[in-house]
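> The primary structure of each chain is shown beneath.
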Amino acid sequence: MQWSWIPQNWTIIWQYTLDNVLLGLLPPLIGLAISLPVGISCAATRWLYPPVLGLANAVYAIPTLAVFVVLIDYTGLGNLTVIIALTLLSLCVLIPSVVDGLRSVPEPVRQAATAMGFTQVRRMIRVELPLAVPVIIAGMRVAVVSSISLASLGYLIGVLSFGYFFIDGEQRDYPTEIYVGFALTVLLAILCDLLLVGARALLTPWARGRRTAASAITATPVVTEA
Amino acid sequence: MSFLAFAWDWLKSPQQWQGQDSIQVRLLQHLGYTGVSLLIAALIALPLGLLIGHYRRGGFAVVNVTNIWRAVPTLGLLILVVVSFGLTFLSWLTPLVVLAIPPVLVNTYEGVAGVDPELKDAARGMGMTDWQLLWKVEVPVAIPLIMLGLRTAAIFVVATATIAAQPGFGGLGRYIIDGLASNNYGEVAGGAAVIVVLALVIQAVFVGLRRLAVPTGLRLQARSSR
Chain S
1 MQWSWIPQNW TIIWQYTLDN VLLGLLPPLI GLAISLPVGI SCAATRWLYP
51 PVLGLANAVY AIPTLAVFVV LIDYTGLGNL TVIIALTLLS LCVLIPSVVD
101 GLRSVPEPVR QAATAMGFTQ VRRMIRVELP LAVPVIIAGM RVAVVSSISL
151 ASLGYLIGVL SFGYFFIDGE QRDYPTEIYV GFALTVLLAI LCDLLLVGAR
201 ALLTPWARGR RTAASAITAT PVVTEA
Chain R
1 MSFLAFAWDW LKSPQQWQGQ DSIQVRLLQH LGYTGVSLLI AALIALPLGL
51 LIGHYRRGGF AVVNVTNIWR AVPTLGLLIL VVVSFGLTFL SWLTPLVVLA
101 IPPVLVNTYE GVAGVDPELK DAARGMGMTD WQLLWKVEVP VAIPLIMLGL
151 RTAAIFVVAT ATIAAQPGFG GLGRYIIDGL ASNNYGEVAG GAAVIVVLAL
201 VIQAVFVGLR RLAVPTGLRL QARSSR
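Line order of the protein sequences matches chains S and R.
The working numbering numbers the first residue of the first sequence as 1 and each following residue consecutively.
The working numbering numbers the first residue of the second sequence as 1 and each following residue consecutively.
Everything labelled a hint here was simulated from the structure, so no lab data went into it.
Please note: incorrect hints may appear among the correct ones.
To be verified - Derived CB-CB ranges, DEER-like:
id, chain 1, residue 1, chain 2, residue 2, range
1, S, SER4, R, LYS120, 39 to 47 Å
2, S, TRP5, R, SER2, 42 to 50 Å
3, R, ARG56, S, ALA112, 27 to 35 Å
4, S, THR119, R, GLY114, 35 to 43 Å
5, S, GLY78, R, SER2, 49 to 57 Å
6, S, GLN171, R, GLN221, 37 to 45 Å
7, R, ASN184, S, VAL109, 35 to 43 Å
8, S, PRO50, R, VAL197, 20 to 28 Å
9, R, LEU209, S, LEU77, 18 to 26 Å
10, S, GLN15, R, ALA181, 22 to 30 Å
11, S, LEU203, R, ARG56, 36 to 44 Å
12, R, GLN20, S, TRP5, 34 to 42 Å
13, S, GLY78, R, ALA181, 31 to 39 Å
Unchecked claim - Quick list of in silico lysine to any residue cross-link-like pairs, SDA-like style, CA-CA up to 25 Å:
id, chain 1, residue 1, chain 2, residue 2
14, R, LYS12, S, ASP73
15, R, LYS136, R, ARG211
16, R, LYS136, R, LEU119
17, R, LYS120, R, GLN18
18, R, LYS12, S, ILE190
19, R, LYS120, R, GLY58
20, R, LYS136, R, LYS12
21, R, LYS12, S, LEU160
22, R, LYS136, R, LEU43
To be verified - Here's a subset of chain R near chain S, in silico, CB distances under 10 Å, partners left out:
id, residue
23, PRO47
24, GLY76
25, VAL196
26, LEU220
Since we're looking at a predicted model, the values are computed, not measured.
Glycine is no exception: its CB is placed at the ideal position from the N, C-alpha and C atoms.
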């Protein structure tokens, strides 16, 4: 480990950190924007979820690099290809967590809200979605952490990210550079993970001090035998 | 010409099916990497998950550590090991095992720890020892989640074994890495197509295995509770 390498290369380290932040955060955010309406529809109808879940599981099985390859033909060797591919992967985690979150809302709560005069839309926004937040955030944690880590694969098709440090370090046989890329990836992931845990605390003030059970089971797209 | 046309053209040419670089050879290498890594990860994570789940100690740590563990960039780890130890079998094995441990560990733990306490009380009341309780009650009830963990791990590993080709290992990733390096999109598309099919086949195999492994009692219960 040669520490002097870090200040000497400060500019590219900062630049690729920004690139990796973009590639790591944009896909889960776009994924969330798509998953909310899709998940709400899936939770509301009985027949829609099994095919959507099956499709999500199938897409999830496709290697990221292979998704890049399929997309290159349409979107070229660039940021857009990586962002679309990682968005698709995060959908596979986020749609099931939105559905599971909404289904975890107890029926009496729903009925009470209706009895208090909530319309369907208002009940969704004011009651069901807030109660689903812990499960949705659990999905976001997985999606964000994986996106940050997978963004480095983008460099295999020439998109700048921490992947640059891995491949360049390999080609120059210079481990310091690989350590830096490795440490930055893990640190960035931990930071984003903590932010999400903080967001959960802010969004669910009533749950403070209580341990939420929604941790791991939704961490992977769960197949309820269809 | 689209992705599929490129892939098909490459696949149907007879030279892809002969010699050292043939699809059969690469497929066997790929399955070898996947199988060995998955086996070793299961040998580590299954006993650990059963232990932690049975005694219900340290579960909070498992959930949080594995979430951060997911952040480990597999490409970075792979290149780091290769730069440090050279192109030995340990260099592909280490990152793939590291990748496969979290889903198996978390799901085994959650499955066993989530067994209904009344069920365990009943088993103890019948005079079961700890060992009998584990094998006759906890494991059978947790089997669906454990199988899901193994399936997720298998999918991760089969997808990620692709990047073992980057520092010079074999497997199906060779086609993508070599094709990208030589600007041969046909090879890239063909390789990606084979990997996608393999990933979907593995997924289907595990869905089938799960059906075999889940005890009849659980299946009947799931059906009647619907």
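> A separate judgement is required for each hint: does it hold in the structure or not?
Outcome of the hint check:
Evaluation of the 39 to 47 Å hint for SER4 of chain S and LYS120 of chain R yields a failure: the beta carbon distance comes to about 58 Å. Range check, TRP5 of chain S to SER2 of chain R: about 44 Å between beta-carbon atoms, so the 42 to 50 Å window is met. The given range of 27 to 35 Å is respected by ARG56 of chain R and ALA112 of chain S, whose C-beta atoms sit roughly 34 Å from each other. Distance hint check for THR119 of chain S and GLY114 of chain R: the Cβ-Cβ separation is about 36 Å, which falls inside the suggested range of 35 to 43 Å.
Roughly 19 Å separates the CB atoms of GLY78 of chain S and SER2 of chain R, a value that falls outside the hinted 49 to 57 Å. Against the hinted window of 37 to 45 Å, the Cβ-Cβ separation of GLN171 of chain S and GLN221 of chain R comes to about 57 Å, which falls outside the hint. Under the hint 35 to 43 Å, the C-beta atoms of ASN184 of chain R and VAL109 of chain S, about 58 Å apart, miss the expected range. At about 23 Å, the CB distance of PRO50 of chain S to VAL197 of chain R agrees with the hint of 20 to 28 Å.
Distance hint check: the CB atoms of LEU209 of chain R and LEU77 of chain S are about 38 Å apart, inconsistent with the given range 18 to 26 Å. Remark: the range hint 22 to 30 Å for GLN15 of chain S to ALA181 of chain R is upheld by a beta-carbon distance near 25 Å. Restraint check, LEU203 of chain S to ARG56 of chain R: a C-beta distance of roughly 29 Å breaks the suggested window 36 to 44 Å. Look at GLN20 of chain R against TRP5 of chain S: about 39 Å separates their beta carbons, and that is inside 34 to 42 Å.
Evaluation of the 31 to 39 Å hint for GLY78 of chain S and ALA181 of chain R yields a failure: the beta carbon distance comes to about 18 Å. With a C-alpha separation of about 20 Å, the suggested pair LYS12 of chain R and ASP73 of chain S falls inside the 25 Å cut-off, and the hint holds. In summary, the hint linking LYS136 of chain R to ARG211 of chain R is supported, as the alpha carbons are separated by about 18 Å, within the 25 Å threshold. Using a Cα cut-off of 25 Å, the hinted pair LYS136 of chain R and LEU119 of chain R holds, with the two alpha carbons roughly 11 Å apart.
Taken as a hint, the LYS120 of chain R and GLN18 of chain R pair is broken in the structure, with Cα atoms around 57 Å apart against an allowance of 25 Å. For the hint linking LYS12 of chain R to ILE190 of chain S, the alpha-carbon distance of about 46 Å lies beyond 25 Å, and the restraint is violated. For the suggested pair LYS120 of chain R and GLY58 of chain R, the alpha carbons sit about 20 Å apart, so the restraint of at most 25 Å is met. Straight-line distance between C-alpha atoms of LYS136 of chain R and LYS12 of chain R comes to about 51 Å, which puts the hinted pair past the 25 Å bound.
Simply put, LYS12 of chain R and LEU160 of chain S have alpha-carbon atoms about 35 Å apart, too far for the 25 Å limit, and the pair is violated. As the CA atoms of LYS136 of chain R and LEU43 of chain R are separated by approximately 20 Å, the hinted pair is consistent with the 25 Å bound. Below 10 Å, beta-carbon pairs count as interface contacts, and PRO47 of chain R has none with chain S, the closest being about 18 Å; its hint is therefore violated. For GLY76 of chain R, the interface hint holds, since its Cβ comes within 10 Å of a Cβ in chain S; the closest pair sits about 4 Å apart.
The beta carbon of VAL196 of chain R is positioned within 10 Å of a beta carbon in chain S (closest approach about 5 Å), and the interface hint is therefore held. Violation of the interface hint for LEU220 of chain R is found here, the shortest Cβ-Cβ separation to chain S being roughly 12 Å, above the 10 Å cut-off.
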